[in-house]
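Colleague: Residue numbers (my numbering), protein chains in the order written: chain B, 1290 to 1400; chain Z, 5 to 116.
Since the hints were derived computationally from the structure, they do not count as laboratory data. Glycine is no exception: its CB is placed at the ideal position from the N, C-alpha and C atoms. Just to be clear, a hint being listed does not mean it is correct.
[Said to hold, decoys possible] Incomplete in silico selection of chain Z near chain B, CB under 10 Å: (1) T11; (2) Y22; (3) S62; (4) L64; (5) F69; (6) A92; (7) R112.
Chain by chain, the residues:
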Amino acid sequence: GENVEQHPSTLSVQEGDSAVIKCTYSDSASNYFPWYKQELGKGPQLIIDIRSNVGEKKDQRIAVTLNKTAKHFSLHITETQPEDSAVYFCAAKDSSYKLIFGSGTRLLVRP
Amino acid sequence: GAGVSQTPSNKVTEKGKYVELRCDPISGHTALYWYRQSLGQGPEFLIYFQGTGAADDSGLPNDRFFAVRPEGSVSTLKIQRTERGDSAMYLCASSLIGAEQYFGPGTRLTVT
C-alpha cells in the first residue's frame, strides 16, 4: 500500500522567512495530494491540494509543487507569519477514497 | 455554510465501558470517513461510508469497533469494551464523491 514520508518533523523560521516542507510517496497510482494545517486541539484544515496532472499550484502565500517522476511533493509558505505556526500534514490518495498521511511537521514562526 | 461537527469534543471513560462518537457531515456530502489520530502522528483511516453503507471498513482495528450511518447523513462510531490503547483523537471527514475531504474538530477519547 501507499506510504508517505514527511520531513522535517520540526521547523523553526523567523517571521517573514520562507518555510518548505517535503513529502515523498511510494505508490505511483496516487494522483491527489492535499496539505492540511492542524492547530492544537483542532481538526485538520485543508489549505491547498494538487492533482497529478499539474506540476505547481499557488494560493497567495502558499504553493505546492509536485514531481511525479521522483514521487515527491512540497509545500512552500512565503512571508511567514506567527499565525502560520501549527502542525502541517501532507497526504496522498489514489483513485480510491483513503487518504494516507505523513507524520506531520511542527512549524514554529518566531516573531 | 456549516462544517463537519463532532460530539462530544472530549470523552473520558473507564476501561471496559462502551462509547459512542457522533459525526454530522457537511450537508449534501454523501461520502463520510472516520480516521484516528494518535498523539504526534498523522490521521489513520478507519472506515468509509458511501451513503448508508460502509464501502470500506478495512481500517477498523478489531471487532470492538463498529460504525453506522443509517440515513446517509449522521454517523456514529461505536467502541465496545474500551481499552487504554483506544485513547486517541477520532476525526470525521466528509466530501462529495471524489472531492476534497473536510475534517471536523474531532473527539478526544481518553480511556482510564
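Colleague: Checking against the hints above, which ones are violated?
Modeller: 1, 2, 4, 5 and 6
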